[in-house]
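With chain P's structure known, arrange chain L on it following the hints.
Going down the list, the protein sequences come from chains P and L.
Residue numbering for the first sequence follows this note's numbering, starting at 1 and increasing by one per position.
Residue numbering for the second sequence follows this note's numbering, starting at 1 and increasing by one per position.
A few of these clues could be false.
Intra- or inter-copy, both count: the list cannot distinguish identical chains.
Stated by the list, open to error - Derived SDA-like pairs: lysine to any residue, alpha-carbon spacing no greater than 25 Å straight-line:
hint : residue 1 : residue 2
1    : K374      : A385
2    : K374      : Q73
3    : K88       : A17
4    : K185      : A348
5    : K51       : R396
6    : K374      : S193
7    : K374      : G399
8    : K104      : W123
9    : K185      : R251
10   : K258      : A268
11   : K224      : T379
12   : K258      : A198
13   : K185      : D265
14   : K374      : R251
15   : K258      : N276
16   : K374      : R396
17   : K343      : G15
18   : K374      : E222
19   : K374      : A409
20   : K64       : W35
21   : K104      : G340
22   : K104      : L406
23   : K258      : E195
24   : K88       : D138
25   : K374      : A228
26   : K258      : W202
27   : K205      : V53
If you're looking for bench data, these hints aren't it; they were derived computationally from the structure.
Note that the structure is a prediction, hence the values are computed from the model and not measured.
The residues making up each chain are set out below.
Number of protein chains: 2
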Amino acid sequence: MSALFGGPLSVLNVGLASFAEPIAARGGTATQLDWAPPAAGDRAAGAALAKLVGDPRVEAANAKAADLYLAAQPRLTGIGRAGEVLPKMGKRMILHAGPPIEWKRMCGPMQGAIAGAILYEGWAGDAARARAMAASGDVAFDSCHHHAAVGPMAGIISPSMPVWRVANPAHGNQSFCNLNEGLGKVLRFGANSAEVIARLKWMEKTLAPTLAAGLAQLGELELKPLMAQALHMGDEVHNRNVAASSLLIRRLAPALLKSTAPAADVAAAIEFIAGNDHFFLNLSMAACKAMLDAAHGVAGSSMVTAMARNGVDFGIRVSGLGAQWFTAAAPVVDGLYFSGYGKQDAAADLGDSAITETAGLGGFAMAAAPAIVKFVGGTPQDALANTLAMTHITLRRNGAFTLPALDFAGTPAGIDARRVVDTGILPVINTGIAHQEPGVGQIGAGVTRAPLECFSKAVLRMAQP
Amino acid sequence: MSALFGGPLSVLNVGLASFAEPIAARGGTATQLDWAPPAAGDRAAGAALAKLVGDPRVEAANAKAADLYLAAQPRLTGIGRAGEVLPKMGKRMILHAGPPIEWKRMCGPMQGAIAGAILYEGWAGDAARARAMAASGDVAFDSCHHHAAVGPMAGIISPSMPVWRVANPAHGNQSFCNLNEGLGKVLRFGANSAEVIARLKWMEKTLAPTLAAGLAQLGELELKPLMAQALHMGDEVHNRNVAASSLLIRRLAPALLKSTAPAADVAAAIEFIAGNDHFFLNLSMAACKAMLDAAHGVAGSSMVTAMARNGVDFGIRVSGLGAQWFTAAAPVVDGLYFSGYGKQDAAADLGDSAITETAGLGGFAMAAAPAIVKFVGGTPQDALANTLAMTHITLRRNGAFTLPALDFAGTPAGIDARRVVDTGILPVINTGIAHQEPGVGQIGAGVTRAPLECFSKAVLRMAQP
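Bound conformation, chain P alone:
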């Protein structure tokens, strides 16, 4: 012992950095190893994890779930009216983003958007009556995810709204997403003024039938190759969709011009789409939902098949754990705020768009999109680092989505809830930030993390007999 302390010390310090500080202060050398106990020290979750790690049944189930995700071939098949094409959509039902939530717990933008949807449907004549109706229980609310659907931000889908229809013939499942309204005063940020409702009506009456005619002319559109190409053009197809939107319009415009749709409607549709860099986002989300629903329901699998936020709760679903949501408080995003706004103005993390990260895109594919750091913060090196970090918590690389900057390696995909709890590495999410007041709109963008608690709860549930 005395011999040990007689010579100069060279210490490897694992975990808490404060233990290394007195050594350094006295002239010793201490190398700090970044380590934290599994489940952030939660004993119960750690014990559950110990049962699951290395379990060959979980490994086999995860291999199957990951294969189903990888084999998916989402195709845009058309456009439909939500009330007609969503199998379980009620007549007076409104779908929203994230895990289920009751009216009084909803965040401002979601309440505003629901009031807007009630006005849009003509169920009430003004915003005050719409809110009263929503509070009264006269309208049923449900998660988009319970209907194979997704929606960005508030994620509102009401029966008359048009939705993209995506099919995955490899597994026989379908998915749906509403259409992107553009930026500014829009329903998904809680705005419900007359101009918002008028735009939604135009989307229903003009844009949707025009797009339907164009899609009929174009035929089914394979979404994975288009998304893969966009990754080679600087998109991560969550918070940056300029390439994918541009590629889509190149495919759609000639088809629209050959279609049976009236020329004036075609011109208006093309102008509307061409003016919106995020138009593709909702198709990216539907494609991701189709890929992940294919992987859902594999008994024993710890693969995460949904991450979604309602502005109050952050929830995940896991392939082997059925319809159950595992939730935690949704964080407020520490991002780049637009001039005049700050964290104090922000709603908590909101929207179904984290389905893209769940599918290995968005923050997981940030290495494809170095230019996005001007929008979400950080450096191009951070973008690479985020993608590389996600390899530690995912089951596979998706060879259909390659990353040029990483020598064409596939995106890390298929989050293993066990590995998140084990490593403490939290799924990274690129996201827009909504103002907490309905209708103000987007006030920033940033990189956020899924809360560990969701994954710990899922692991605890998995380990139950």
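Here is chain L on its own, set in the frame of chain P:
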């Protein structure tokens, strides 16, 4: 001396690697420093260089030339008929890529393209007569560059052809480029069959007036911001133009649909443009030509203002050396050949498109376009390395063209002929490869280098009293 060799040797070997080998063979340590004498050991060029390096008059002239290049704001102003809008275009004149060359020395694709242009103009009734006419001297040939114009590959511009018109109001100069025909059997690769001529006629009679109507609706289009955005989307706007072409169609399509052009022509124009990932190339070239012509003619400047190839000669022009070309044999490109073709089938390096590299784009901006290596060969690391290497031979970074992968540094731009000779670092060029027989078309793509000899000749000329 004996003391030196008594202990173990640690040698720094500068230049020829073979001197280090015997040291290593006897167990010594020799670090190899990659170095070559200036001008590759050419004594006359080296002596000329010694006069020019550090000369404050050259430095001041280069600063002025580089500023003029950086200040350029090329705008697409419209489309016109070459014979009407090119100020010095003769009635029976055909312009071609690269430095001037007489008919009998021209490469196969250029001869084929000229025969095609004669047929297209109706000056001869069949290809044999067209070739006889070209050989007879009845048609005048001139370099595109002598008319503020550029053209990819054979670069043929005849009087009836439509050309893009680009203006640089910052300097008061204009530039021109022909329109991209697409891939396959096209004039620029020397094809001159009936389908090729019919397409050119359609471009003249339908596409050009339709685009003119669309541009009249759109107004003048700033090209630099569009190119800058494309660099953030994986293009280097020479050999990869998918993003720029997509962004262009997003701007053009709504304008075309609002224009006075007939609906059927608009639909045909949009389909034609949407089908061609390289449609923007010719606009990129015209923009680069406008930026560099602004920098041309500064007395005493060693800044390169054009690099161009006619398939036989590689030529450069230098800001302070007037209209003179400094030429060397055009190299055959050692690239990725399409299946069934190899270097033995290739024409030597061809086309005015190296104007993009001269302007700091193309190979110089390869760091923006890692995915291009699947087309031109190499790895994404090579792409970064090419851009970084070019910083040693350029005068500036162009802050208008930033590279996300290099922390948003500007592209290296403004080639200094002195530095090329001094360092032996040759300008890198991304290029397509034409078959040596006219009309076969593109048979590959690759990365090539401008020949040192062009720059040595320019430096020798500069040093003359």
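How the hints compare with the structure:
1. K374 to A385: Both: 16 Å inside a copy, 24 Å across copies.
2. K374 to Q73: between (32 Å within a copy, 24 Å between copies)
3. K88 to A17: Neither, since 53 Å and 75 Å both go past 25 Å.
4. K185 to A348: Only inside one copy: K185 and A348 sit 19 Å apart there, 57 Å across copies, limit 25 Å.
5. K51 to R396: Within one copy only: 22 Å inside a chain, 61 Å across chains, cut-off 25 Å.
6. K374 to S193: The answer is neither: 31 Å in one copy and 49 Å across copies each exceed 25 Å.
7. K374 to G399: between (27 Å within a copy, 15 Å between copies)
8. K104 to W123: Answer is within: at 20 Å inside a copy they meet the 25 Å cutoff, but 81 Å across does not.
9. K185 to R251: between (28 Å within a copy, 23 Å between copies)
10. K258 to A268: Both. Shortest intra-copy (15 Å) and inter-copy (10 Å) distances satisfy the 25 Å Cα cut-off.
11. K224 to T379: Between. Shortest inter-copy distance 24 Å satisfies the 25 Å Cα cut-off; intra-copy 28 Å does not.
12. K258 to A198: Intra 28 Å, inter 23 Å, cutoff 25 Å: inter-copy only.
13. K185 to D265: within (23 Å within a copy, 36 Å between copies)
14. K374 to R251: between (28 Å within a copy, 23 Å between copies)
15. K258 to N276: Answer is both; intra-copy 23 Å and inter-copy 18 Å each pass.
16. K374 to R396: between (29 Å within a copy, 23 Å between copies)
17. K343 to G15: neither (30 Å within a copy, 58 Å between copies)
18. K374 to E222: between (30 Å within a copy, 22 Å between copies)
19. K374 to A409: both (24 Å within a copy, 13 Å between copies)
20. K64 to W35: Classified as neither; 31 Å inside a copy, 56 Å across copies.
21. K104 to G340: Neither: 29 Å inside a copy, 69 Å across copies.
22. K104 to L406: Classified as neither: same-chain Cα gap 46 Å, cross-chain 48 Å, threshold 25 Å.
23. K258 to E195: Only across copies: K258 and E195 sit 24 Å apart there, 31 Å inside one copy, limit 25 Å.
24. K88 to D138: within (18 Å within a copy, 78 Å between copies)
25. K374 to A228: So K374 and A228 pass the 25 Å test inside a copy (22 Å) and across (14 Å) alike.
26. K258 to W202: both (22 Å within a copy, 19 Å between copies)
27. K205 to V53: neither (53 Å within a copy, 70 Å between copies)
When the structure is compared with the earlier hints, violations turn up for hints 3, 6, 17, 20, 21, 22, 27 and for no others.
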